[in-house]
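Model the full assembly from the supplied sequences, consistent with the hints where possible.
Chain by chain, the residues:
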Amino acid sequence: MPLRIPYRLPVPTLTTYSILSTALFGSLIYNVKQITKNPDWKNDLIAADKNASDPLMDENEDHLIDFDNVNLPESIRDVIIYMIQDSFSRWVFINAIICTVVLFGKSIQKIVFGDLRAVEINNFREKLCNYFLYKCIFMFGVIKVQTTEEVIFLLGWFGLLGFQQVFVQFSKDRLEYMVTVGSHTTFMSRCKIVILLLSVFSLANYMIYLCLTYGVNLGYHIFAFMIAECLSITLKVPHILIKYVIDPFEAKFIRNQNQHFRSRNSFANFIISKMEMSLTYYVSLGLELADLCLELIHYLHMVLWSNSIFSVASFVLCMHIRYITTEIQRKIKKHRNYMWILNHMEKEYPKASEKELNDNCDNCAICWEKMEVARKLPCKHLFHTTCLQLWLEQDTSCPTCRYVLNMNGSNSRRSTTTRTTRGVIRIGRNAAPINRQHFFHFDGSRYVSWLPSFSVQVMSSMTPPDLTDSQLESMAQQVQQVFPHYPSPVLIENLRQTRSVSVTSNNILEGLLPLDNVTLNDDGEDSQVSATASENIRPSGSAFNHSSINESEHDPASSTTNFNIIESEFSPSPSERETALRNRKEQLFLNAKKKYLERRLVN
Amino acid sequence: MAGAALRRLMAEYKQLVTNPPEGIVAGPVSEDNFFEWEALITGPEGTCFEGGIFPAKLVFPVDYPLSPPKMQFTCDMFHPNVYPDGRVCISILHAPGDDPMGYETSAERWSPVQSVEKILLSVVSILAEPNDESGANVDAAKMWRENQEEFKKISEKIVRKSLGL
Ligand SMILES: [Zn+2]
Ligand SMILES: [Zn+2]
Chain A
1 MPLRIPYRLP
11 VPTLTTYSIL
21 STALFGSLIY
31 NVKQITKNPD
41 WKNDLIAADK
51 NASDPLMDEN
61 EDHLIDFDNV
71 NLPESIRDVI
81 IYMIQDSFSR
91 WVFINAIICT
101 VVLFGKSIQK
111 IVFGDLRAVE
121 INNFREKLCN
131 YFLYKCIFMF
141 GVIKVQTTEE
151 VIFLLGWFGL
161 LGFQQVFVQF
171 SKDRLEYMVT
181 VGSHTTFMSR
191 CKIVILLLSV
201 FSLANYMIYL
211 CLTYGVNLGY
221 HIFAFMIAEC
231 LSITLKVPHI
241 LIKYVIDPFE
251 AKFIRNQNQH
261 FRSRNSFANF
271 IISKMEMSLT
281 YYVSLGLELA
291 DLCLELIHYL
301 HMVLWSNSIF
311 SVASFVLCMH
321 IRYITTEIQR
331 KIKKHRNYMW
341 ILNHMEKEYP
351 KASEKELNDN
361 CDNCAICWEK
371 MEVARKLPCK
381 HLFHTTCLQL
391 WLEQDTSCPT
401 CRYVLNMNGS
411 NSRRSTTTRT
421 TRGVIRIGRN
431 AAPINRQHFF
441 HFDGSRYVSW
451 LPSFSVQVMS
461 SMTPPDLTDS
471 QLESMAQQVQ
481 QVFPHYPSPV
491 LIENLRQTRS
501 VSVTSNNILE
511 GLLPLDNVTL
521 NDDGEDSQVS
531 ATASENIRPS
541 GSAFNHSSIN
551 ESEHDPASST
561 TNFNIIESEF
571 SPSPSERETA
581 LRNRKEQLFL
591 NAKKKYLERR
601 LVN
Chain B
1 MAGAALRRLM
11 AEYKQLVTNP
21 PEGIVAGPVS
31 EDNFFEWEAL
41 ITGPEGTCFE
51 GGIFPAKLVF
61 PVDYPLSPPK
71 MQFTCDMFHP
81 NVYPDGRVCI
91 SILHAPGDDP
101 MGYETSAERW
111 SPVQSVEKIL
121 LSVVSILAEP
131 NDESGANVDA
141 AKMWRENQEE
151 FKKISEKIVR
161 KSLGL
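Residue numbers (the UniProt record's numbering), protein chains in the order written: chain A, 1 to 603; chain B, 1 to 165.
No lab work stands behind these hints: they were computed from the structure. Be careful, since some hints might not be right.
The following residues of chain A were derived to be distant from chain B, with all beta-carbon distances above 10 Å [as the list claims (entries may be wrong)]:
(1) Leu20
(2) Gln34
(3) Thr100
(4) Phe113
(5) Leu128
(6) Cys191
(7) Ser306
(8) Phe315
(9) Cys318
(10) Pro378
(11) Cys379
Straight-line distance between alpha carbons at most 25 Å, and here's what the computed DSS-like set of lysine-lysine pairs gives [unchecked claim]:
(12) A:Lys594 - B:Lys152
(13) B:Lys157 - A:Lys595
(14) A:Lys593 - B:Lys152
(15) B:Lys142 - B:Lys161
(16) A:Lys127 - B:Lys57
(17) A:Lys585 - B:Lys57
(18) B:Lys118 - A:Lys370
(19) A:Lys110 - A:Lys172
Partial selection, computed: residues in chain A whose CB lies under 7 Å from chain B [claimed, not checked]:
(20) Glu176
(21) Ile366
(22) Cys367
(23) Trp368
(24) Trp391
(25) Gln394
(26) Pro399
(27) Thr400
(28) Leu581
(29) Arg584
(30) Leu588
(31) Ala592
(32) Lys595
(33) Tyr596
Virtual Cβ for every residue (Gly too), placed ideally from N, Cα, C.
Rendered as structure tokens:
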């Protein structure tokens with residue numbers, strides 16, 4: 001269960017922490033030195049120990065013997081022995097060790113990753129807090145540690161695992177970033193991360209080995225607790241490696257495309273993305289599921305073992321288990337839907353005909369690129385096959401209108417609500433939806449023997465088929481003969497919703513068609529118009545907006561400074577684009593400031 | 001996948017430059033990295049946030065536009081739908097799969113037909129009219145409901161600060 005933690009935690013910075021620890025440790029050593037100068041210190045200590053009946057007594061004597069064999073100067077040996085035996089100085093000593101380890105980790109991070117990005121730091125914080133919380137619950141709520149010795153042992157074990165987890169997280173974030181931004185990554189930085197991941201992987205494997213050899217002696221429960229986390233790391237690392245490193249092809253492609261801004265899905269790209277899709281999809285699905293199942297078993301085990309169902313600890317654990325199970329269910333459901341749609345893609349969603357493509361003249365709504373081959377969903381929306389497939393992996397509905405493509409009855413309920421509720425911005429059409437019922441018969445055994453067969457009734461509401469753009473244009477021309485001052489984009493927009501010349505005319509007469517709704521009342525269809533296509537439409541529309549607002553709401557004196565419509569070109573050179581962007585930002589600021597001050601003067 | 005994301009972001013950037021929506025400027029923080037943008041949003045007229053210029057950071061995922069970007073104001077912001085740390089909580093920025101609030105229907109969620117422009121416009125619209133349902137900032141939501149005067153005062157301060165005055 002991921003926790004939302006406050007953005008700024010009252011955690012001291014690493015520098016203060018390490019300075020404090022060093023100071024503390026230094027003063028301790030000085031003190032101990034002073035004490036051990038007194039030749040009787042050993043006897044005092046042993047007497048004190050006997051009084052206190054320290055459970056670590058035997059242990060300590062072992063240490064005494066150990067240190068006798070080590071060839072160290074007398075004074076240093078005394079200091080170490082004292083520090084191990086005195087309980088306060090033992091904690092200071094442990095703190096010093098933790099500090100060193102943290103600094104060591106930090107230096108590895110510096111070497112491998114360099115400076116961290118804000119996203120990575122955020123992820124790191126979230127992960128660390130969650131990890132810390134669950135480990136505390138585990139230590140004090142489940143295992144209920146008693147002796148300091150156990151605490152120290154568990155701290156060491158989980159600390160080591162925590163480090164591995166953190167580095168895995170960092171590597172994942174960084175590799176993800178590298179895959180997206182080809183230009184920055186050098187071969188070396190990639191290599192470093194891979195080496196780090198591999199060493200984490202082998203360390204985790206070594207820890208599994210340790211568990212297998214020594215853990216079993218501690219009892220099977222403890223063994224299971226110890227091994228779970230290591231296994232999870234050994235599952236995560238290959239997942240990351242496969243996802244982000246095994247496909248360097250892709251990265252190369254990105255770099256090429258970055259240079260040329262190729263606007264077309266080339267054939268090779270298509271094949272590669274298809275291959276990569278199925279491989280990455282299955283491997284990551286499998287590993288993710290395995291990881292989740294492992295976690296589920298781990299936490300279930302904890303709850304059962306802790307024996308106290310009604311404690312706070314088990315409550316938190318149960319919440320987490322709920323989270324994991326829903327996550328697993330979601331993954332499986334998604335996968336089944338996806339498989340079903342993949343199998344049915346050919347049959348149910350036919351390739352759009354030549355004529356439909358020509359009539360459509362819009363680009364693919366997912367990638368905003370031109371469509372030469374497209375697939376048609378039952379709601380008449382067209383998409384590239386690959387784009388559609390990638391989206392359906394995530395959600396099985398039409399991206400444009402949310403028409404639910406589903407084999408599963410339980411989800412179809414969603415489709416009835418989808419049309420009636422509107423988002424924060426009004427996306428979607430105002431035309432009244434027509435309820436339709438579909439009967440789906442799904443005969444699973446026809447495809448795979450173990451799939452169930454069932455028929456479900458799918459309630460869905462959908463709008464009648466879209467009017468083509470040419471139809472809309474001719475309708476707009478009719479309206480324009482009566483209302484010449486309305487620009488055709490506004491009319492087309494409204495006609496798309498009303499589907500009737502007379503209704504739109506009525507809207508205009510009743511003042512329901514404000515001139516400035518072009519920008520806000522975009523529906524899905526409109527914005528997928530490509531950059532080039534909308535260039536012809538939008539400038540006239542937005543210019544019209546500006547002038548109408550100026551006239552209606554402001555006195556002419558202030559309006560001159562209000563809107564500087566910055567008609568800018570999209571320069572092909574990155575540096576020019578950067579400068580232009582900076583200028584536009586400055587201009588926006590200046591205008592806003594001027595306007596604000598003017599308004600203040602008026603009031 | 002990332003290549004497609006890059007091309008799409010490029011197309012959106014181009015559209016935002018050639019047809020800028022009023023009061024909004026957005027673009028990549030640096031040309032080396034198209035996956036992190038900065039956007040400036042003008043507070044809509046006739047609202048508490050009128051005239052302010054609010055900078056926000058947009059971080060896009062590798063599989064954009066299949067997954068939504070994350071948006072975070074980098075200035076002070078006191079608003080019912082914005083977390084105290086600046087993260088914007090509007091339904092269209094939530095992926096269809098996850099449902100942190102547990103009440104949204106998928107119609108209001110992210111879909112690839114959304115775009116940077118639409119996100120920014122919807123943010124403008126929540127600046128004008130906060131959405132009561134998602135209480136990202138409980139204090140702000142309470143104040144917005146119960147004490148409009150106080151809310152106005154705070155937002156006025158934020159506007160002035162955003163303009164550097
Ligand atoms: Zn496409
Ligand atoms: Zn559709």
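Within 25 Å, alpha carbon to alpha carbon, are Lys142 (chain B) and Lys161 (chain B)?
23 Å, holds
Hinted contact Pro399 (chain A) with chain B - closest CB pair below 7 Å:
Status holds, d = 5 Å.
Compute the least Cβ-Cβ separation between Cys191 (chain A) and chain B, then decide whether it is above 10 Å.
20 Å, holds
Is the shortest C-beta separation between Tyr596 (chain A) and chain B less than 7 Å?
5 Å, holds
Beyond 10 Å from each Cβ of chain B, as asserted for Cys379 (chain A):
13 Å, holds
Distance restraint between Lys110 (chain A) and Lys172 (chain A), which requires alpha-carbon spacing of 25 Å or less:
16 Å, holds
Hint status (Cβ of Leu588 (chain A) to nearest Cβ of chain B, threshold 7 Å):
With a closest approach of 5 Å, the Leu588 (chain A) hint holds.
Does Ser306 (chain A) sit more than 10 Å from chain B, CB to CB?
With a cut-off of 10 Å, Ser306 (chain A) remains clear of chain B, as the shortest Cβ separation is near 28 Å.
So is Phe315 (chain A) really clear of chain B, every C-beta pair being over 10 Å apart?
19 Å, holds
Using the nearest Cβ pair, does Ala592 (chain A) come within less than 7 Å of chain B?
Holds, about 5 Å.
Least C-beta distance between Thr100 (chain A) and chain B, which was stated to exceed 10 Å
Since the minimum Cβ distance to chain B is about 32 Å, Thr100 (chain A) lies beyond 10 Å and the statement holds.
Lys127 (chain A) and Lys57 (chain B): Cα distance at most 25 Å?
22 Å, holds
Checked against the numbered hints listed earlier, the structure breaks none of them; every hint is satisfied.
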